[in-house]
Amino acid sequence: MAADKVDPIHQFHIVKLIPINIGGYDVSFTNSALFMVATVLVASAFLYLSTSSRSLIPGRLQSVSEMGYEFVANMLRDAAGNQGMKFFPFVFSLFMFVLVANLLGLFPYFFTVTSHIIVTFGLAALVIGTVVVYGFTKHGLGFLKLFVPHGVPVFLLPLVVLIEVISFVSRPVSLSVRLFANMLAGHITLKVFSGFVVSLSALGAVGIAGSVLPLAMAVALTALELLVAFLQAYVFAVLTCMYLNDALHPGH
Amino acid sequence: MFVTSAFAQESAPAAEGAHTGTEGETHSGTGVPAEAHGTFPPFDPATFPSQLLWLAITFGLFYLFLKKVVMPRLGGIIEVRSDRITQDLDQAAKLKGEADAAVAAYEQELAEAKTKANAIGQQANDAAKAEAEAARKKIEAALDKKLGEAEASIASIKANAMKEVGTIAEDTASAIVDALVGGKASKAEIAAAVKSVAR
Chain A
1 MAADKVDPIH
11 QFHIVKLIPI
21 NIGGYDVSFT
31 NSALFMVATV
41 LVASAFLYLS
51 TSSRSLIPGR
61 LQSVSEMGYE
71 FVANMLRDAA
81 GNQGMKFFPF
91 VFSLFMFVLV
101 ANLLGLFPYF
111 FTVTSHIIVT
121 FGLAALVIGT
131 VVVYGFTKHG
141 LGFLKLFVPH
151 GVPVFLLPLV
161 VLIEVISFVS
171 RPVSLSVRLF
181 ANMLAGHITL
191 KVFSGFVVSL
201 SALGAVGIAG
211 SVLPLAMAVA
221 LTALELLVAF
231 LQAYVFAVLT
241 CMYLNDALHP
251 GH
Chain B
1 MFVTSAFAQE
11 SAPAAEGAHT
21 GTEGETHSGT
31 GVPAEAHGTF
41 PPFDPATFPS
51 QLLWLAITFG
61 LFYLFLKKVV
71 MPRLGGIIEV
81 RSDRITQDLD
91 QAAKLKGEAD
101 AAVAAYEQEL
111 AEAKTKANAI
121 GQQANDAAKA
131 EAEAARKKIE
141 AALDKKLGEA
151 EASIASIKAN
161 AMKEVGTIAE
171 DTASAIVDAL
181 VGGKASKAEI
191 AAAVKSVAR
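Going down the list, the sequences are from chains A and B. Under our numbering, the letters of the first sequence match residues 1 to 252, in that order. Under our numbering, the letters of the second sequence match residues 1 to 199, in that order.
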């Protein structure tokens, strides 16, 4: 296990905590599931407790909750208009879930839920699934106008439609890979620099002096990762808003 | 080490539902037992069902909790606050309106009072003018009357004087005749003479 500690990939390992097998599928309660539960509990508890006083003049924590609420509300209203507000609970849940999962992942020894592509892909598929289902139920086949932009010459139309379809299909991929890759790369980098500190310190006095630099880097990277945690949650939510806008107004 | 090998044992029945258990021939199938870090964990399909299921459960519950509990509450707090602010602003606007109305009423009253004062002044002025005019006319009339009387008295005095001129002339003529001629001229002769001269 000592060798695993320096291994930057070790942090992404899935560990079974309670093995469960349903219908031949392994659906064990793993450390990933544990941190999903933790993410949900932390986010819910924060939002619930910080607003429990319902003060007219908010305290600090209540301000944070309200800022998050209004931030997402404005984001969604700007991107999708007032009709988009029916998706507000969905976008707000996504934003809070991704943000808290990212932030929890920054704690040492904590598992980062969003560093697994299947989790981010699951969320992205949920977004695109919502877009497609809502788009077709609301507009019927008119939703396909999404792929036919206005004012394109007829002879270019097949090409443009092809490009639009490809760009639509690549959305869940780009949405999930962006979040996943950012979290993965950030945590690996952080682990590598922290690993340098440990290995250099083992080399004696010179090593300890030399480990100052990677330590400083690790500290700086932690700050950067904090920014990335916020930024990726924001980007995920913003793109969700834009895709939902397509479902609401497919005619460009 | 223990973890990953346990994994492989679990992933075999997960894929096939049968205990093959010998070689890495499951569809994740990367020979995990032999190699500890054979599969990059985020790309290990054996973990996908579990992660997806737990993501669905946790995110689903989170969504429901936010939708049913947190968001109505947060929305309520913000709504109440904005209502309160709107109400306060409305009240401020109402008070301002009242103040404006009071100022307008005051100004109107002031203007009315001014016009009234002007009217009173004008009236007093006119009355005074009329009075002065009347007084002047009265005085003028009085003066005219006095002038007329004076003229009349002058005329009568003049007439009297003219009447007396004859007798004076007769007396004077009789006296002159006495002195010059020394004889007595009869009164009638003298009167005739004076009359002829005066004529």
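These are computed hints drawn from the structure, not numbers from a lab. Treat each hint with caution, since some may be false.
One-sided excerpt, in silico: chain B residues whose CB lies under 7 Å from chain A [unchecked claim]:
id: 1; residue: Pro41
id: 2; residue: Leu53
id: 3; residue: Lys67
id: 4; residue: Ile168
Every residue gets a Cβ at the ideal spot worked out from N, C-alpha and C, and that includes glycine.
Structure-based check of each hint:
Because the beta carbon of Pro41 of chain B sits about 4 Å from the nearest beta carbon in chain A, less than 7 Å, this interface hint is met. About 5 Å separates the beta-carbon of Leu53 of chain B from the nearest beta-carbon of chain A, less than 7 Å, and the hint is met. Satisfaction of the interface hint for Lys67 of chain B is found here, the shortest Cβ-Cβ separation to chain A being roughly 4 Å, below the 7 Å cut-off. Proximity of Ile168 of chain B to chain A is violated relative to the hint, the smallest CB-CB distance being about 127 Å (cut-off 7 Å).
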